[in-house]
Amino acid sequence: MKYLQGMLEFIGGVTILTGNVLRLLLRGRLNFSLLVQQMAVLGVNSIPISVLVLCFASAVFTYIIAGELVERGAAHWTGGLLMIVLLREFIPVFTGIALAGKIGAPITSEIGTMKISEQIDALKALSTDPDWYLTLPRVLAGIIMMPVVAVFSGYAGWFAGYLTAHRETDISYLMFKSSVSTLVDVSDYVMCVVKCVVFSAVIVLTACYMGFRAEGGAAGVGRAVTNGVVVNIVLLFVFDLLLTMVMTK
Amino acid sequence: MIVFEDVRVRFGRQQVLRDVNLHAAEGRITAIVGQSGSGKSTALRLMMGLIVAEAGRIIIDGQDVTDLGEREWFAVRRKMGMVFQNSALFDSLTVCQNVGFFPHFVDGVSWRRVRAQAMEMLAEVGLEDHALKLPGELSGGMRRRVALARSLIYRPKILLYDEPTTGLDPQMIAVVNELILEMSERYGVTSVVVTHDLECVHEVADHVVLLENGVAVTVGSAHQLLVSDDPAVLAFTGNWRRTIQGYAQELAGD
Chain C
230 MKYLQGMLEF IGGVTILTGN VLRLLLRGRL NFSLLVQQMA VLGVNSIPIS
280 VLVLCFASAV FTYIIAGELV ERGAAHWTGG LLMIVLLREF IPVFTGIALA
330 GKIGAPITSE IGTMKISEQI DALKALSTDP DWYLTLPRVL AGIIMMPVVA
380 VFSGYAGWFA GYLTAHRETD ISYLMFKSSV STLVDVSDYV MCVVKCVVFS
430 AVIVLTACYM GFRAEGGAAG VGRAVTNGVV VNIVLLFVFD LLLTMVMTK
Chain R
1493 MIVFEDVRVR FGRQQVLRDV NLHAAEGRIT AIVGQSGSGK STALRLMMGL
1543 IVAEAGRIII DGQDVTDLGE REWFAVRRKM GMVFQNSALF DSLTVCQNVG
1593 FFPHFVDGVS WRRVRAQAME MLAEVGLEDH ALKLPGELSG GMRRRVALAR
1643 SLIYRPKILL YDEPTTGLDP QMIAVVNELI LEMSERYGVT SVVVTHDLEC
1693 VHEVADHVVL LENGVAVTVG SAHQLLVSDD PAVLAFTGNW RRTIQGYAQE
1743 LAGD
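Taken in order, these protein sequences are the chains called C and R.
For any residue, its number in the numbering used here is found by taking its place in the first sequence, counting from 1, and adding 229.
For any residue, its number in the numbering used here is found by taking its place in the second sequence, counting from 1, and adding 1492.
The hints are simulated quantities; they were obtained by calculation from the structure and are not laboratory data.
As the structure is a computational prediction, the values presented were derived from the model and not from experiment.
Some hints here could point you the wrong way.
[As the list claims (entries may be wrong)] Under the rule of at most 27 Å between Cα atoms (straight-line distance), these lysine-lysine pairs were calculated in the DSS-like manner:
hint : chain 1 : residue 1 : chain 2 : residue 2
1    : C       : K344      : C       : K331
2    : R       : K1625     : C       : K353
3    : C       : K344      : R       : K1571
4    : C       : K353      : R       : K1649
5    : C       : K344      : C       : K231
6    : R       : K1571     : R       : K1649
7    : R       : K1571     : C       : K353
8    : R       : K1625     : C       : K344
[Said to hold, decoys possible] Interface residues of chain R toward chain C, partial, derived using beta-carbon atoms under 7 Å:
hint : residue
9    : F1503
10   : M1540
11   : L1542
12   : A1545
13   : F1566
14   : R1570
15   : K1571
16   : M1574
17   : F1576
18   : F1582
19   : F1593
20   : F1594
21   : V1598
Virtual Cβ for every residue (Gly too), placed ideally from N, Cα, C.
With the rest of the complex left out, here is chain C (with noise of 0.2 Å):
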């Protein structure tokens, strides 16, 4: 009961959250070097740890598929079948859980900390909407970066592969890239930037929700983070699999 009560709440909390910032971008009220600023705190930052994520996580992939499609006379698909993965799921998904920690964490960290320390409520005396202020350059910052972090991640992911790819197969580059263009459309590049735009609108509103729900000192921030982060990975999973069903039919 108490966990259904939590999760309606923060359900509707953060469709509030999401209606307001919706209502100031509406209203055209942006300031724009705090979404500058953002934009260099969120994105930048965050490209090390996506490409590192990526790295690995691709090539691990290709080390699996590459040996099994050799033996099969089907090396030639390895490219392919690592661009439909990096594009449909591994881009997203990947930069995603990263950036849920790398930037989900500071900004839950980040407005918690405010909330204790009554910045919030200073803000406020100061006739500034906290949402206009903190939440909405930071969820338009997300949004615009994230596809930025995932090229970055996704080059990455796609050398990685075809590294490992050519450690264990000998393949060379021409015959690692020639089925991408067959087996990858038009359809799996507006996937991978839907479900980015989708899945860093949820990380940061998530991440600003749970900053200001935050209370009991030091420690409640620091709850209120590691809940930030698991809530946020379970969500991107949940969207990952509703918006994979509808944009595979």
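Given chain C, work out where chain R should sit, using these hints.
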């Protein structure tokens, strides 16, 4: 002017304020005193619209704000400033950016113009040399003065102080008290000071209200704290009075 009419506040099962009636006159300094947990800060947060009353009526500068929504409160708060107990400075911004926050982010004035204005305000509180520091690099007293400058830059009609002297050394207490008086005298600001520092009250307040277990007892002038025989006032000021009387006797003996 701030008026509370039969204001009640409850947090869960705990009744924090019970039918509180209060009147903070325009251009004067009203002190709300009381023991920890008596509901002083709650009263201040009600005035700022940071919490909602369970019952009663609140009037700020002639406007009934009791049922205002969050967005409507933003307009009311433009004429109010608040100095929080722990200063609540934005720790990712420099001192100068903290002070210039309202003109830049709320009024949309460019940083170039705001910087000059903020430096002027910082000079008024004696901190112009610390403009580029982060709040974490300042002492408690300095942070309190920055918070005051941040509230004063947009010339509010009403200033609320939450425990402005708590945790400060005697020298800094005198500085803060002087600033509160100066802001009231120079700009005619209506001030409400929440504190349990009776020295501060005696120094700055024109009018005193005592909160005891969520019930308001009007004390009157600050001098009444020394002479009132109201049992609630006596219970709260007893030790302080005895200390002062002790000093007076010592001085008389000398």
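Minimum beta-carbon distance criterion (7 Å), F1576(R) to chain C: Given a least distance of 5 Å, the restraint on F1576(R) holds.
Evaluation of the interface hint that places L1542(R) against chain C, nearest CB under 7 Å: holds (5 Å)
Tell me if the interface restraint on F1594(R) is satisfied: Cβ within less than 7 Å of some Cβ in chain C. It holds, given that the least Cβ distance between F1594(R) and chain C is near 5 Å, below 7 Å.
Status of the hint placing M1540(R) at chain C (closest C-beta pair under 7 Å): holds (6 Å)
Assess, step by step, whether the Cα of K344(C) is no farther than 27 Å from the Cα of K231(C), and give holds or violated. holds (24 Å)
Under the criterion that the straight-line Cα-Cα distance not exceed 27 Å, is the pair K353(C), K1649(R) satisfied? holds (17 Å)
How about F1593(R): closest beta carbon in chain C under 7 Å, or not? The hint holds - F1593(R) has a Cβ within 7 Å of chain C, the shortest such distance being about 6 Å.
Minimum beta-carbon distance criterion (7 Å), F1582(R) to chain C: holds (6 Å)
Is the hinted pair K344(C) and K331(C) satisfied, with a Cα-Cα distance of at most 27 Å? Holds, at roughly 21 Å.
Does the structure keep K1571(R) and K353(C) at a Cα separation of 27 Å or less? Holds, at about 13 Å.
Below or equal to 27 Å on CA atoms is what counts here, so check K344(C) against K1571(R). holds (23 Å)
For the pair supplied as a hint, K1625(R) and K344(C), is the alpha-carbon distance within the 27 Å limit? Answer holds: K1625(R) to K344(C) is near 22 Å, not above 27 Å.
When the structure is compared with the earlier hints, violations turn up for hints 9, 12, 15 and for no others.
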